[in-house]
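Enquirer: Numbering-wise, this note's numbering puts 229 at position 229 of the sequence shown, and it's gapless, one number per residue.
Hints may be right or wrong, so weigh each one.
Simulated pairs of lysine-lysine, DSSO-like, Cα-Cα distance not exceeding 30 Å [as the list claims (entries may be wrong)]:
| hint | residue 1 | residue 2 |
| --- | --- | --- |
| 1 | K113 | K181 |
| 2 | K181 | K296 |
| 3 | K113 | K296 |
For the record, the hints were derived by calculation from the structure and aren't laboratory data.
As the structure is a computational prediction, the values presented were derived from the model and not from experiment.
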Amino acid sequence: MGTELMDALDLSYQPSQLLGIPVALVGACFLSIGAQLQHHGVAKVEANTRNAEGGLSGRQLGLLLARPSWVVGTLLLGLAIVFQLVSLKLSPIILVQPLGVVGLVITSILNAKVSGVRLNRQSVFAVSLCVSGVGAFVLIAAVFARDLPVTSRALVVILIVLAVVLIAFALLFWFLRHRFKAIIYIVGAGVLYGFVATLAKVVIDRVSNAEWDWLLVLCIVALLAAAALGAYFVQNAYSSGPPDLVIAGLTVIDPLVAVTIGIVVLNEAAGAPWWAMVGFAVTGAIAIYGVFLLAKHHPQTGSDAPVADRVADATRESTLD
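From just these sequences and the hints, can you work out the full model?
Expert: Dropping the structure here:
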């Protein structure tokens, strides 16, 4: 194992690929603050209209545009996307994409302050699992990640898989939306955003290399479709769950999907020893388990009605916007 590690440091490790890490961390900060503001805007609209069971209506989506908190939150999320794109340009997906989990810690603290609801022990433990799992994942990726160009064949594979995923989630939402809970919206958004991150990196690389072809156009269309459906799922997740739970799903499921694509399709971990692949699987499983644990034990989920009622009352009385 020691020899393999030294070989990896000699052959795969490039100090320049670490430049994307601080950029990704700044983006995570914008993500956490933007998510908190967006959640407040959605909760405010829902409190003043009807519950969004079955998904937010067109009228409710329109009312969000009149909420300063939601608009500012959206702008901050836009900045987070810009920083994420820059980090993807500088570093491999499997190195920088998981760093968004830092936003989970920030969002948990912000949400506790804003809502007046303290995280219980189980929730703190769940957040710790998410952060430690993703953190260990990044440490392994920092050694074995390699930034390779995306071939046309690999891009076609990604687009076909994404088409299947989009159709599947669209059909599930259409027929089962009245049964959807926060965790389902979160998983759906996380999976879709994982493809968005991958396609964004592809678009950046192809535009930078002046590779203008029909695949690039198709890639952009697929990226926009996945981003639109993912964004709608996120807004519905805000209406049925706390912001730190939403961010937990996005910052864990999103990068794990992107990383899986990076490993399986893009060969960004080519040459990694078997124990590194086991490490990816174990640390990823720990992080995902943390998300589901947080969904089960978070004090603002439906299992604690009195707390949920107090949070709803605080939203209605808020003077934030």
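Enquirer: Now, for every hint given, state plainly whether the structure supports it.
Expert: Structure-based check of each hint:
1. K113 with K181: Satisfied, since the Cα-Cα distance of roughly 25 Å is no more than 30 Å.
2. K181 with K296: Since the Cα atoms of K181 and K296 sit roughly 12 Å apart, the hinted pair holds (cutoff 30 Å).
3. K113 with K296: holds, 21 Å
Figure legend: structure checked against the earlier numbered hints; every hint is met.
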